[in-house]
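Dock chain G against the given chain W, drawing on the hints supplied.
Protein chains: 2
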Amino acid sequence: MVDERTDPTVGELSEGAILRRILERVGASNAEVGPGDDAAVIATADGRVVATVDTLVHGPDFRLAWSSGFDLGFKAAAVNLADVAAMGATPTALLVALAMPDSTRLSFVSGLAEGLRAACDELAPGCTIEGGDLTVSDTLTVAVTALGALAGRAPVLRSGARVGDTVAVAGELGRAGRGLRILFERFTDAAGVPIPIDERVLDEDERRDLAAQLRPAPPVAFGPIAADAGARAMMDVSDGLVLDASRMAAASDVTIALDSLALAPDVDSALTGGEDHALLATFRSDRPLPHGFRRIGEVLARGEAGVLVDGHAHAGRGGWDPYRDWDSHTG
Amino acid sequence: MVDERTDPTVGELSEGAILRRILERVGASNAEVGPGDDAAVIATADGRVVATVDTLVHGPDFRLAWSSGFDLGFKAAAVNLADVAAMGATPTALLVALAMPDSTRLSFVSGLAEGLRAACDELAPGCTIEGGDLTVSDTLTVAVTALGALAGRAPVLRSGARVGDTVAVAGELGRAGRGLRILFERFTDAAGVPIPIDERVLDEDERRDLAAQLRPAPPVAFGPIAADAGARAMMDVSDGLVLDASRMAAASDVTIALDSLALAPDVDSALTGGEDHALLATFRSDRPLPHGFRRIGEVLARGEAGVLVDGHAHAGRGGWDPYRDWDSHTG
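Chains as they are written, first to last, in my numbering: chain W, 292 to 622; chain G, 292 to 622.
No lab work stands behind these hints, which were simulated from the structure alone.
Backbone N, C-alpha and C fix where the C-beta goes; we use that ideal spot for every residue, glycine too.
Treat the hints loosely; a few may be bogus.
Stated by the list, open to error - Distance windows between CB atoms, simulated:
(1) W:Val-492 x G:Arg-472: 54 to 64 angstroms
(2) G:Ala-334 x W:Ala-482: 31 to 41 angstroms
(3) W:Ala-336 x G:Ala-319: 41 to 51 angstroms
(4) G:Gly-602 x W:Pro-487: 51 to 61 angstroms
(5) G:Arg-396 x W:Asp-601: 48 to 58 angstroms
(6) W:Asp-559 x G:Ala-319: 33 to 43 angstroms
(7) W:Glu-413 x G:Ser-305: 46 to 56 angstroms
(8) G:Gly-417 x W:Glu-490: 51 to 61 angstroms
(9) G:Arg-472 x W:Glu-476: 50 to 60 angstroms
(10) W:Arg-453 x G:Gly-417: 26 to 36 angstroms
(11) G:Arg-477 x W:Gly-443: 56 to 66 angstroms
(12) W:Asp-559 x G:Ala-334: 36 to 46 angstroms
(13) W:Asp-337 x G:Asp-412: 21 to 31 angstroms
(14) W:Ala-555 x G:Ser-305: 24 to 34 angstroms
To be verified - Chain G side only, calculated, beta carbon under 8 angstroms to chain W, not exhaustive:
(15) Val-324
(16) Gly-350
(17) Pro-351
If we strip away everything but chain W, and leave its shape as in the complex, we get (with noise of 0.2 angstroms):
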C-alpha cells in the first residue's frame, strides 16, 4: 500500500505534473515524433497502418476493488494490441486517452503507465506509446488507441472463411469469463459490492482464471503468424466465441461448425466466456496448422444458424453485449 500522506490525488496536480510522471513510466518513445507535440509522427513501412481503438470504463469495464493502475493498464494495451493482431499485424504504437476522477491517486496512475508499458513488452516488443491525453471525468476510462504494421501482408478480415477451411484458435477460451465469475461470486459483499481478492482462498486454476481476466495476455504475436501462413479469416474473440463465430459466419456467408471436445473440458466458459482475446482463424484444410493454433471446427455451407456446436444450433446468443447487460444500479 502506498502511504496516502505522500501519495496526491491528481486533482491536487497539474497536468503538466502528471504527464511527466507518466513519461517516466511508459518508456522510451520510438517515433519520429513521441510524446509532447500536438501529435505524433510514427513509421509506417509499407505505406499503410491498422488502427483501432477499445476503451476500457469504470463500471461495466472494471472495478476498482478488484483491478489495480497496473492491472488497468496492463488490460486496456491488451485488448487493443489483440485487435491488431488479428488483422494479421504487428503493434507498433499506441495512444492513450485517460480521463479519471479528480480524486484519483496519483500511484495509481503510476501503476496505470507501468500496466501499459508491461503490457507491450510482455506481448508486443517494440511497441511504444506514443501519445495521448488527460482529461477530468467523473469516471475513469482509458481508451486506447493502438496502430501496427502490416509489413506487405494483406489484412485478414473476418469475410474470407470458406467452405471446408478447418476453424482453429490461439489463447485460451473461457479463462476470463470464469475469472469474471470468480469476481462476483466470492468476491462481493452481501450487497453485491466488489470487495478486495484475497487470492489466498483461490486455487491456482482459479488464479490463471482471475488473470486472465484482470491481466490478459492474447496471443498477439501469433496473428503475423496466422497470416503468414495463410488464415483466410481472422479476428480477436472478445464477446464469447458463439457471438464473434457467428459474426465471422455472416461476414464471409457460411455456418462455423464448432467440436466441443475441442473446447472440453469446460465446454460452456469457452463458448460464451467472453473477454477471452483468443484469436479465431480459419485456415485451408489442406494445410498444416500454423504453431499456436489449434482446430476446433470446420466451415460448412451457410445453413439456418451461423455457428453449429456438435451440428445443432446453439441456444441462447451467449458472450456480452454492454448495452443489454450492464445495469448501473446492481452493477
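Just chain G, lined up with the frame of chain W:
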C-alpha cells in the same frame, strides 16, 4: 424536438443496432479496410502517419443543456483535426470511441455521428471516419483519434521557433472563451445549473462567440499551407494563447513577445480565453506570411519570462488546466 416515444434509448438497443445507425450517418469509408472488422487499414502514402487523440467529457468539457449531439460530434472532430493540422499535416481518418449512459437517446447518437461527418466535410474534406468503439458509461465521453498525412513534409514542431522569427496566428482568438462566459453567465439558473440556450437574447457577435465554443471551426487547411511556407514552429492554441505560447517558448528555448495591438479589441480574451483551436506559428521574418496568418509578435532570445505582452511578463497563468479548474460539485 424528437418524439421520445419513437426515439429509443441506447439501453433499449443492441450494440449492433446503435452501430448501424452511426455508420449510416458518418459517411462512406475511404480506407483499404474501414469500420466493421477488428481494426481499420488506412493508406499512408509517405511511409509515416500523424496520430493524436483528444477526449471530450460530459461535465468539464461540455454540458448536454448547451451542446446537441451534432455540436458534440462536430467539436470532438474539430479539436483533433486542429492537432493534426498543427503538425503541418492533412487529416485522413478518425477513430471514435464513444462511451455513453444507457439513457442516451438514439437521436442524440445520430446527431453526434452527423456532427463528426460535418466537421470532416467542412474542415478537412477527404477525412473519413474509419473505426471506433461503443461502450456504456455513467459519463458521456467522446475520445477521437485523428490520423493525418504529411505528404513528404517535415513535421512542424513546437521546438523550432528561432530568435528573430515572426509570431503569427491563423484563426480566431478569444471567441470560444467569450462563448463559454456567455454560457455560464446567461444560460445557468440561480443555482448555477445549465439551462437551454435562447439565441434570441444574443446579438450577432455573441452568437458567433457561442458558435466558436460549441462548434469550433479551426483553420485546419492552413496547417499544411504554413508548413509549405516554411513555418519553423507551430501548435494548436487550445489552452489559451499565453499558456500555449509559453509551451512553445519553453520547447524552443526562446521568449515569445506578443503585441497587444494585434490582439485588439478584446486583448484579455485573446490572451487567456482557451479552446480557440487557432494555429500559432513562427516564420522567418524576411518572407511574407502565408495566406491565413497574421502577425501577433516576434521571437526574442530566451529571457526570464517565456511570454511577454507589450514587453512585460503577463500576470496570471491564463488558460485552462482541467485538473485545477474543474470542480464536479460546483460545475
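Comparing the hints with the structure gives:
{"no.": "1", "hint": "W:Val-492 x G:Arg-472: 54 to 64 angstroms", "in the structure": "holds (56 angstroms)"}
{"no.": "2", "hint": "G:Ala-334 x W:Ala-482: 31 to 41 angstroms", "in the structure": "violated (53 angstroms)"}
{"no.": "3", "hint": "W:Ala-336 x G:Ala-319: 41 to 51 angstroms", "in the structure": "violated (28 angstroms)"}
{"no.": "4", "hint": "G:Gly-602 x W:Pro-487: 51 to 61 angstroms", "in the structure": "holds (59 angstroms)"}
{"no.": "5", "hint": "G:Arg-396 x W:Asp-601: 48 to 58 angstroms", "in the structure": "violated (43 angstroms)"}
{"no.": "6", "hint": "W:Asp-559 x G:Ala-319: 33 to 43 angstroms", "in the structure": "holds (41 angstroms)"}
{"no.": "7", "hint": "W:Glu-413 x G:Ser-305: 46 to 56 angstroms", "in the structure": "violated (34 angstroms)"}
{"no.": "8", "hint": "G:Gly-417 x W:Glu-490: 51 to 61 angstroms", "in the structure": "holds (53 angstroms)"}
{"no.": "9", "hint": "G:Arg-472 x W:Glu-476: 50 to 60 angstroms", "in the structure": "holds (52 angstroms)"}
{"no.": "10", "hint": "W:Arg-453 x G:Gly-417: 26 to 36 angstroms", "in the structure": "holds (35 angstroms)"}
{"no.": "11", "hint": "G:Arg-477 x W:Gly-443: 56 to 66 angstroms", "in the structure": "holds (58 angstroms)"}
{"no.": "12", "hint": "W:Asp-559 x G:Ala-334: 36 to 46 angstroms", "in the structure": "holds (43 angstroms)"}
{"no.": "13", "hint": "W:Asp-337 x G:Asp-412: 21 to 31 angstroms", "in the structure": "holds (29 angstroms)"}
{"no.": "14", "hint": "W:Ala-555 x G:Ser-305: 24 to 34 angstroms", "in the structure": "holds (31 angstroms)"}
{"no.": "15", "hint": "Val-324", "in the structure": "holds (5 angstroms)"}
{"no.": "16", "hint": "Gly-350", "in the structure": "holds (6 angstroms)"}
{"no.": "17", "hint": "Pro-351", "in the structure": "holds (5 angstroms)"}
Against the hints set out earlier in the document, violations occur for numbers 2, 3, 5 and 7.
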